[in-house]
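Can you build the whole structure from these sequences, using the hints too?
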Amino acid sequence: MAENDAPATTLKRTPLYEAHKALGARLVEFGGWEMPVQYSGILEEHRAVRERAGLFDVSHMGEFRVEGAGALAFLQSLVPNDVSRLVDNQALYSQICRPDGGTLDDLLIYRRGEGRYMVVVNAGTMPKDWRWFSQHAAGHDDLTLANISDETALLALQGPLATHILQPLTDTPLSEIAYYHFRPGVVAGIECLISRTGYTGEDGFELYCAPASAVTLWNMLLEAGKSSGLLPAGLGARDTLRLEAGYCLYDHELTEEITPLEAGLGWSVKLNKDADFIGKQALVEEKANGLRRKLVGIELRERGVPRAGYAISKDGEHIGAVTSGTMCPTLGRAAAMGYVPPASAQIGTEISVDIRGKLMPAVIVPLPFYKRAK
Amino acid sequence: MTASEQPDNLKYAETHEWVRVEGDEATIGISDFAQDELGDVVYLDLPWDEAGTREIRTGEHFGDIESVKATSELFAPIGGTILRANKALRDSAELVNSDPYGQGWMLVIKMSNPADLDKLMDAVAYTRFLDTASH
Chain F
1 MAENDAPATT
11 LKRTPLYEAH
21 KALGARLVEF
31 GGWEMPVQYS
41 GILEEHRAVR
51 ERAGLFDVSH
61 MGEFRVEGAG
71 ALAFLQSLVP
81 NDVSRLVDNQ
91 ALYSQICRPD
101 GGTLDDLLIY
111 RRGEGRYMVV
121 VNAGTMPKDW
131 RWFSQHAAGH
141 DDLTLANISD
151 ETALLALQGP
161 LATHILQPLT
171 DTPLSEIAYY
181 HFRPGVVAGI
191 ECLISRTGYT
201 GEDGFELYCA
211 PASAVTLWNM
221 LLEAGKSSGL
231 LPAGLGARDT
241 LRLEAGYCLY
251 DHELTEEITP
261 LEAGLGWSVK
271 LNKDADFIGK
281 QALVEEKANG
291 LRRKLVGIEL
301 RERGVPRAGY
311 AISKDGEHIG
321 AVTSGTMCPT
331 LGRAAAMGYV
341 PPASAQIGTE
351 ISVDIRGKLM
361 PAVIVPLPFY
371 KRAK
Chain G
375 MTASEQPDNL
385 KYAETHEWVR
395 VEGDEATIGI
405 SDFAQDELGD
415 VVYLDLPWDE
425 AGTREIRTGE
435 HFGDIESVKA
445 TSELFAPIGG
455 TILRANKALR
465 DSAELVNSDP
475 YGQGWMLVIK
485 MSNPADLDKL
495 MDAVAYTRFL
505 DTASH
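If you're matching them up, the sequences are chains F and G in order. Take 1 as the starting number for the first sequence in the working numbering and just add one per residue. Take 375 as the starting number for the second sequence in the working numbering and just add one per residue.
Hints in this document: simulated from the structure, not taken from any laboratory. Possibly wrong hints are sitting among the right ones.
Stated by the list, open to error - A few chain G residues facing chain F, derived, Cβ under 10 Å:
hint : residue
1    : Asp410
2    : Glu411
3    : Gly413
4    : Val416
5    : Asp438
6    : Glu440
7    : Ala444
8    : Ser466
9    : Glu468
10   : Asn471
Built from N, CA and C at the ideal position, the CB exists for glycine as well.
Right, here's the structure in full:
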């Protein structure tokens with residue numbers, strides 16, 4: 001069997017590193033961090049999230065505070081979504097783009113109050129994003145930026161039993177927090193932002209707290225969830241869950257060469273909002289002239305797993321590539337996402353995927369692969 | 375994490391395949407260490423229908439093993455003619471995880487050069503190899 005080499009540089013660790021080791025986690029490098037890829041196994045953790053609940057340490061994500069009278073205008077100039085639509089205690093999903101429309105990262109923006117925002121970015125891109133935010137802050141008055149990534153821990157409790165597990169630990173009535181809304185609260189005696197957001201396609205909460213409280217919060221949640229079958233879940237299951245749900249992962253479905261429109265994220269791009277933003281002109285033009293590529297769902301017609309980077313061809317011509325692929329536990333078969341030209345993107349289009357030298361027949365299918373029952 | 379097992383009666387390759395020799399036949403699979411490293415095995419790509427016809431050389435890439443996260447290549451620890459492939463693994467790839475030395479066997483071959491077995495490690499040497507390779 002071929003083996004991967006261990007990473008050479010020092011990796012960052014979240015406050016939960018020792019807790020992960022104590023739980024027998026297998027740790028891997030991700031975005032410059034040493035993170036748990038699995039505890040009991042990816043399939044088991046994935047199923048736990050779909051059927052009961054799973055608890056993820058996502059403290060490696062980056063967070064910025066963006067505050068001041070000029071904060072809204074500043075954010076509006078950086079992201080394609082319309083930040084002015086946010087009310088207090090609401091969040092939205094967007095991206096930061098280059099002038100040519102290519103995606104630098106995807107992110108969430110939380111409105112804590114007027115002139116008070118928190119931006120949550122991906123772990124590996126946090127340094128790049130911070131430089132981007134800092135550079136572009138230069139032209140703006142009444143604006144303070146702070147990189148609070150090192151002061152912020154983040155746990156994600158996801159699954160149909162998430163509310164049932166979390167409610168006994170907090171006075172905050174969770175049923176009052178709608179999807180993509182949040183509240184400051186206290187969970188198991190620990191101050192948190194309780195956010196009804198997630199990356200799994202299930203109901204659930206993301207809890208932002210101080211790093212010094214993370215281990216206690218983690219242990220209290222695991223204890224509280226024991227009788228409900230809550231399992232700690234790692235990045236492996238996080239990936240299979242988000243792929244089934246059709247969510248993009250930066251560096252796969254989104255890169256600096258790919259626009260949000262090509263990734264099917266047009267719903268989060270508000271070209272008509274009352275503010276210019278970096279990349280707007282390029283996106284306006286792409287929308288008018290036609291997308292260069294489209295993100296599609298792919299299923300093989302035979303056994304096999306399409307993986308990131310595998311070539312897609314049609315009628316003997318190389319037309320695109322897989323961006324993510326895996327065995328999807330809830331589907332019971334392998335599924336993938338990838339890019340093809342719009343002319344080949346219709347549901348039902350027959351394509352081939354090059355799996356290590358063999359051309360395997362495949363078909364374009366709708367995204368997402370999985371949608372939870374309402 | 376529990377320590378992996380390396381049965382005494384087998385020989386092992388650095389690429390984590392094992393060999394059980396019975397006369398001039400060799401049964402091949404992957405070690406407990408390897409299945410644990412892979413995680414949940416979901417598919418195997420083996421020469422299912424090439425029994426009696428396919429010759430593989432020592433060290434040849436004879437198949438692929440798919441876990442949820444990644445694909446890994448399988449290398450023949452010993453060469454010869456393929457006699458049988460374990461077709462149970464087509465529908466129950468998880469046997470590689472649950473029983474890597476038993477029901478998780480992959481191929482039986484008729485060895486063409488048994489002397490190549492000398493290049494493999496015994497259980498003691500393989501265990502030492504695993505200890506030095508891990509952090």
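Exercise for review: Could you check the structure against the hints above and give me the numbers of any it violates, in ascending order?
Suggested key: 8
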